[in-house]
Amino acid sequence: MTMSSEEFHSFDLSASDEDFELPVELTKRKKQAERRSLPPKRPRRIYPLSATLNKASSPVLSMPETSQEEQSSQDRSWKPLPRTGRRALNSGDKAVSPKDIYDSVSSGKSDLLTVVEDWLDYYKKGREQGLLVLINFIVRCCGCQGVVSREMLDSMENAEIIATLTKQLNQESARYPLSRTGSSLKRFRSGLCEFAHMLVRCCRSFIYDDYLFPSLFSLLTGLSDSQVRAFRHTSTLIAIKLMSGLVEVVVAVSLQLQTVQWRYRLEEGKSKEAQDSERLEDLKGTISELLENKEELSSMMNATFRGIFVHRYRDRVVAIRAACIEELGVWIRTDPEGFLNDGCIKYLGWMLNDKESVVRLQCVRILRLLYQEKGFIGRLELFTSRFKKRILNMVMDKDYEVAVEVVKLLLQIHQSNKYATQTIIKCPEEVIEFRSVEEGLQEEECAQIYSLVYTTNRSLACAAGLFLYTRLKSMISSDNEKDINSEFIQILISFHIQSGLHEQGIYLVDSLWDAVDSELKDWECMTTLLLQDTGLVNKEEDALIELMVCAIRRAADPTPPIGRVHVKKGLNVKQKKTQEHSRRRITAHFIPLLTQLLAKYSADARKVHFLLQVPLYFDLDMYSSAQRMEKHLDQLLAQICWIVEKHTDKAVLEKCSKLINVLCSDSHTFSSRSYRAFSQLFDSLTECFNTGLSELMQGPADDDDFNAAMTLKRIAALVSGKNLSTGRLFYSCMDLLKTRLESRHLDEELVVAALRCCALHLMWAKVTVPSLPSQDEVNHLKKQACSFCKICQVCLSLGQAEIRDQAFDFLCDLLMIYSPKAVISEPALQNLYHRPSDSLRAEMAGFLLDYVFSDTDDMELEDQEEEIKLRQKKRNQLASFCKLVIYGVIDLTAATDVFKYYDKCFQDFGDIIKETIMKTKLINPVLSARTLCLTIQQLYTEMLTEVVSKKNIDEIRHLARKLALTFGNNLVNACKPLVYLHMDGIRFAFRAPQEGEEQYPNVAFLEILSEFSFKLLQQDKTHLAGFLKSQCPSALLSWQSVSVYWRSLEGTAAKLRDKAEAVSPQAIPVVKHQKTTTRGSHATSRKESRLDSSSIHGGLPTPTLTSTAQKQPRIVACTSDVLLESDIGSDSTELESEDEFSSGSQMPDLILTKRSNSTEDDKEPSTSLLPPMEECDVEQEEPMSDEAESDSSSVPPSTQHRSVFELFN
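Under the working numbering, read the sequence shown as residues 17 to 1225, first letter to last.
Be aware that a few hints might be false.
Straight line, CA to CA, 20 Å or less: simulated SDA-like cross-link-like pairs of lysine to any residue [said to hold, decoys possible]:
{"id": "1", "residue 1": "Lys-202", "residue 2": "Ser-122"}
{"id": "2", "residue 1": "Lys-837", "residue 2": "Ser-853"}
{"id": "3", "residue 1": "Lys-115", "residue 2": "Asn-152"}
{"id": "4", "residue 1": "Lys-404", "residue 2": "Ser-373"}
{"id": "5", "residue 1": "Lys-183", "residue 2": "Asn-152"}
{"id": "6", "residue 1": "Lys-590", "residue 2": "Ala-572"}
{"id": "7", "residue 1": "Lys-405", "residue 2": "Asp-415"}
{"id": "8", "residue 1": "Lys-837", "residue 2": "Pro-789"}
{"id": "9", "residue 1": "Lys-537", "residue 2": "His-605"}
{"id": "10", "residue 1": "Lys-489", "residue 2": "Lys-537"}
{"id": "11", "residue 1": "Lys-674", "residue 2": "Arg-599"}
{"id": "12", "residue 1": "Lys-390", "residue 2": "Thr-486"}
With beta-carbon atoms standing in for the labels, derived distance ranges [said to hold, decoys possible]:
{"id": "13", "residue 1": "Ser-700", "residue 2": "Met-832", "range": "29 to 35 Å"}
{"id": "14", "residue 1": "Gln-595", "residue 2": "Ile-939", "range": "38 to 44 Å"}
{"id": "15", "residue 1": "Ser-681", "residue 2": "Pro-716", "range": "36 to 42 Å"}
{"id": "16", "residue 1": "Ser-803", "residue 2": "Gly-904", "range": "19 to 25 Å"}
{"id": "17", "residue 1": "Ser-113", "residue 2": "Gln-464", "range": "56 to 62 Å"}
{"id": "18", "residue 1": "Ser-401", "residue 2": "Glu-176", "range": "45 to 51 Å"}
{"id": "19", "residue 1": "Ala-604", "residue 2": "Gln-464", "range": "40 to 46 Å"}
{"id": "20", "residue 1": "Gln-923", "residue 2": "Lys-754", "range": "37 to 43 Å"}
{"id": "21", "residue 1": "Cys-704", "residue 2": "Pro-836", "range": "37 to 43 Å"}
{"id": "22", "residue 1": "Lys-889", "residue 2": "Cys-704", "range": "29 to 35 Å"}
To be clear, the hints were calculated from the coordinates, so they are not data collected in a lab.
The beta carbon of each residue, even a glycine, is placed where N, CA and C say it ideally should be.
Throw the hints in and build the complete structure from the sequences for me.
This is how it looks when you write it as C-alpha cells:
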C-alpha cells in the first residue's frame, strides 16, 4: 500500500491525545512466528535510496534553528570524520559496553560520531546484542545501576523490565545525571542530545528494519510513563531528540520524493519513442518505496508524539516541560508542512499559562522565531486571534526576561499582520489578487505597551521603547530627512503630553535611546523648533524643552535615571570616546544658542528650570579655548544673574545655585570672572536687604516682609553655590529672627529664608576655617553655632509647619557638621564641638513624636502625590535624627523614642529603624541590647499610667518579638548582649516599689521579656534561670508571669529530657554525652564569670511619652516539608495525578521524591484557559485548568521609598 504526498501531509499528528501502545509492544520479541505470517514486503532498492539520501542531506535544505548547546554539536556532526585513525571504543574483539558509551557522552571530549559508528558496527554483527547495549546505556543515563539482560529482553514485557529496574534504582537518592548542576550538566546534556542526533543520522538505513527504532521507542515510551522522575526525564529527552532526527529524515525523504516525481513526470511527458520504459519502472518503484518509507516515518512520529509529547509537555518537572516545548519548536520550523497547524501550535498557546517562567520564556521565543518567517504568517492567524489576549497580559509578567520577549513578539505580530498580504494566482489567466490582513494590534492594545517605557526595569523599558519608536515612525509621511526628524519630534511631543507624566521625560528618553538613530540627537532641529515661529503652543514648548534637556543629559552621561534597574559596569574605551564626542558636540552647538533660549523664555519658570541644566553637561573648557567664546560666557553669566534677580521659584533658584557652583569651580580658568559677577550680584542684594532692615525690625509690613523674604531667598541661592562674605548678613538675620520670635509676628517665607542664610553661613564657616585658627576665632564660631541652635529650638514648637520643618533640618545638619567625629581629625578644632543640651534633645524627640510618627490619615491631603511627598519628608527627618544617634551626637538611649514605633510604623519607617538598630549593634552590641530593653520598659511604664488592657500588652509583646528578630541567626555573637538584656529586664520586674505603688507592679513585664528567650543558648537559659531565682522573692515564684518566663527558659531543656527518657540507652552514643558535658562545663565557667561580674541596673530615665496605634496583624510563620519537585498545578503527589501516568504502570514499593510547594509570588495572572483550536473533543489535553485560575500576576514595581542607605549617606 502506497501513500501520496498529499495523503501524508493530511495526517494530523495531534488529532487526539488518547493513550496508545506501539504494535511492537503487543507481542513479545521471541514470537517471531507471528511476524513471519505477515505478507512479505516488496524488496527495497537500497542503492538509489542511499544515493539520494546523501544528496538530500546537502546544505540546500534549510535546517531548523536549534538551541545554542546543540548548534555546536550539529556543526561538528555534519562533517564526517575518516574512519582511518579514529579511536575505537573496542579494541580487537572486545564488545562495545554501555559504560564506554556513557563515559564518552558525559566527558564532553570524545568524538560522538566515532562512538556511534563503533556501536553501529557492533549492531551489524548482532542486532539483539547491539540493541541490548543501547538499552543499558539509556538505563545508565537514568542513574540506575541495574542491567537489562538478554533473558529479560526476550521473555519480559517492557512494563516488567521497567518494574525490575525501578526496584534496582537507588531510592534513597534523587540524584541522576540530568539533575546535576553547573558545567557537568551542560556537558552531559549536550553530549546526550548530540548522541541521539548522531544515532538517527548514522542509522538511516536501519530506520525501516522494523526492529531497532520501534523497539527503542517502545521502551522509551514506557520509561516516559514511569513514576520515577529519573526514568521519565531521561527517556523523554532522548525520545524527543530522536524524533527531531526523524523529522529531518522526513524532510529529506519529502524533498527526494519531489525530485523523483518531477523526473517521472518529465520522462512520462516524452513521446513513446523517446521514453525509457526501464527508467520509468525504476522511478515508479522508487516513488512507491519513498511513499512507503514516508508512511512508516509518519506512523513512528505519530506514535511518539501521542505517546510521549502529549503526556510529558504538562509534566510536573519543569525541565521536562521546557524540553518538550523546545523540541516542538524545532519540529515546527524543520517540517512546517507537517507540524505548523492548529493541532500542534495550540500547545504553545496553552503553555503560555505555565507557572514557571522558564517554560513561558521558551514558548515566547519559539513564537518569535515563527513570526519571523513571512511564509508562516497566514497559518498563524487563528493562533494570533485565539491567544493574543493572553500574550498582551504577559507584558506584565513577573519575570522581566519573559516580559521583554513578549514585547518583542507583539512588535513582530503587529508588523507582520499590518503589512501581510495573501496572493491568489488564478490559472491560466494568472490574475493576481491581494487581500489585506487587518492590523495586528488595536490602539487600545498598544497603549498597554506604551506605559512600559516608564517602568523601572531598563530591559523591559527599552523593548517598549522600540515598540513605541516603530509605531511613531509608521505615522511619518515625509521623505526628507530633516522633515522626518521634525515630524517625529512633534509626534513624540504629543505622546509625552498625552501620557500625563510630564516630569518623567528622562525615563521616556532613556527607553527610546537604544532604538532611535538620530532623531533625539538632532539638536539643530530641536533648537530651530524653539527659536523660530513653528506654531508650537506653550504646552508643546514645555514638553520639547524637557525632552531636549533629557536627551542632552543622556548623551553626555549614559547612566540610567534614578530608580531604573541596570547592570553596573564601567564604560569601555569606545564608549568613553563617544561620550566625550557627544559632550563636545553639545557644547559647540548650545554655547551660542543657550543665551538666546534663556532670553526668550526667561519669564517662564518651568522652561528656565530645564534650560539651566544644559551648561552642566558642557565641556566648559571650550569657553576659554577661544577669545570669541568669552563673549558667550559673559552673556551666560548675565543671564544667570538676571534670572536670580527676577525669579523666586525654589526649583529655579536651586538650579542657579548648582550652576553657580560649577562655574565658580577652581578647575576652570574663568572661575575668577564668574566669582566676580556673582559677588557683585550678592553685594547688591545684601545692600538692598540692609536698607530695609530697620523697617523690618520696627514691625511687620506685608510689602516689606515679602520683598525682604524674596531678597533673602536669592541671597541663599547665591551663598549655597559659592562661599561669599556673609558675616554681616548673619548678624542681621539673627537680629531679625530674635525680634520676630519675641513679637510672634512671623512671616513664614521671611523666617525660613533668614534661617537658611544663617545656616549656610555656619556651614561655610566650618568648611573654610583655617588649619591653625586662633582661640578667639574658634570661640566666636562656636558662639554663633550655639545661638543659632537656640533659635532653631524655639522654632520647633511653632505652629507654622514650614518654619518648624526647616529648623529641624538645619539642626540635624549643623549638629553633624559640628559633631565630635567631624573635628576629631584636627586638634585645633576640638573646641568647635557643640554638644546638644538635654532640652534640645527633648525638643527634637518631641518633634518626631508629634510630626513624624503622627497618623497621616487624620490630615486632609489634596491627592496621593501630596501624601507621597509628605511621607518622604518624614522619612528624611527620621533618617537625619537616626544619623545623629549612629554618629554619637545624641546618646543611644535617646533612640528609644524611635524604637518604640518599630512595629506601629513599620510600613513607613521600618527599614530606617531596623538599619539604625543594626548599626548600633555594630558600634556597641551590649548597649544596643540594653537600649532595646529600655524601650520595652518605657512602653510598659506608660501602659501602667493608663488603663491596662490585653490589647496594649499584646502590642508590646509583638514589638518585643520583632525586636528579638533583629539579633539575627548567629546566636553565639548575640549571646552576651541578650544576657545583659534579660538581666536588665529581670531587675526591672522585681524593682522595689516606690511610695504610693502597689507591691511589685512590674512582675508582668516578665511575660514580655519571654519573647526574647528563643534567641538564648541553652547554657545562658540555665544560668538566667538561676539569676531569676536569686532576684525573685520566694512568694512570687507561683505567680503566672514568673511561671511563663520560667517555662521560656526551661522549655528546651525539658523537651530534651523528655526525649532522652523516651529513647533507649543503647540508641544514645556515650561519646556524644561526654562531648556535650565537656562543652557545657567550659560554657558554664564562662557564663558564671560573666554573670558574677555584671553590675547593670535598670535605673535609666523613662520619658513619659504616650501614643496610640492600632495593633499590627500578627504574622504566623508556617513550616512545611521541603519538597524537591513542583507540581504543574496541583498539590497532590505524583501518584494522585490521573492524567500524568497510565493506570497500567504502577510501581510497587516506590519511594517518591519530595516536591516544593509553590508560593503566591511564583504564580501567573489568573486567566481562563482558552478552548482547543480543534472542534473535536480533546478535553483531556487542556492543561492546568485548576492551576491557571489560581495564578496571580506580578506587576513591575512602582514608585518605592528611597533606599535607607541613600538616606543615611
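Hints, verified against the model:
1. Distance check on the hinted pair: Lys-202 and Ser-122 sit about 9 Å apart at the alpha-carbon level, within 20 Å; holds.
2. Under the criterion of a C-alpha separation no larger than 20 Å, the hint pairing Lys-837 with Ser-853 is consistent with the structure, at around 18 Å.
3. Of the pairs offered as hints, the one joining Lys-115 and Asn-152 holds, with about 9 Å between alpha carbons and a cut-off of 20 Å not exceeded.
4. For the hint linking Lys-404 to Ser-373, the alpha-carbon distance of about 19 Å falls within 20 Å, and the restraint holds.
5. For the suggested pair Lys-183 and Asn-152, the alpha carbons sit about 16 Å apart, so the restraint of at most 20 Å is met.
6. For the given pair, Lys-590 sits about 14 Å from Ala-572 by alpha-carbon distance, which is consistent with the 20 Å threshold.
7. Between Lys-405 and Asp-415, the direct Cα distance comes to roughly 18 Å. Compliance with the 20 Å bound is thereby established for this hinted pair.
8. For the hint linking Lys-837 to Pro-789, the alpha-carbon distance of about 19 Å falls within 20 Å, and the restraint holds.
9. Restraint check for Lys-537 and His-605: the C-alpha separation of about 12 Å stays at or below 20 Å, so the hint holds.
10. Taking the CA atoms of Lys-489 and Lys-537, the gap is near 16 Å; set against the 20 Å cutoff, the hint holds.
11. For the proposed pair Lys-674 and Arg-599, the alpha carbon gap of about 19 Å is at most 20 Å, so the pair holds.
12. For the given pair, Lys-390 sits about 19 Å from Thr-486 by alpha-carbon distance, which is consistent with the 20 Å threshold.
13. Against the hinted window of 29 to 35 Å, the Cβ-Cβ separation of Ser-700 and Met-832 comes to about 33 Å, which satisfies the hint.
14. For the hinted restraint 38 to 44 Å between Gln-595 and Ile-939, the CB-CB distance of approximately 41 Å keeps it satisfied.
15. The hint said 36 to 42 Å for the Cβ distance between Ser-681 and Pro-716, and at roughly 40 Å that hint holds.
16. Between Ser-803 and Gly-904 the CB atoms are about 24 Å apart, so this pair conforms to the stated range of 19 to 25 Å.
17. One distance hint, 56 to 62 Å for the beta-carbon pair Ser-113 and Gln-464, holds here, with the actual separation near 59 Å.
18. Against the hinted window of 45 to 51 Å, the Cβ-Cβ separation of Ser-401 and Glu-176 comes to about 49 Å, which satisfies the hint.
19. A hinted range of 40 to 46 Å for the beta carbons of Ala-604 and Gln-464 is consistent with their spacing of about 42 Å.
20. For the hinted restraint 37 to 43 Å between Gln-923 and Lys-754, the CB-CB distance of approximately 41 Å keeps it satisfied.
21. Between Cys-704 and Pro-836, the C-beta spacing of about 40 Å keeps the proposed range 37 to 43 Å intact.
22. Checking the proposed 29 to 35 Å range against Lys-889 and Cys-704 shows it holds: the Cβ atoms sit about 32 Å from each other.
In summary, the structure agrees with every hint in the numbered list given earlier.
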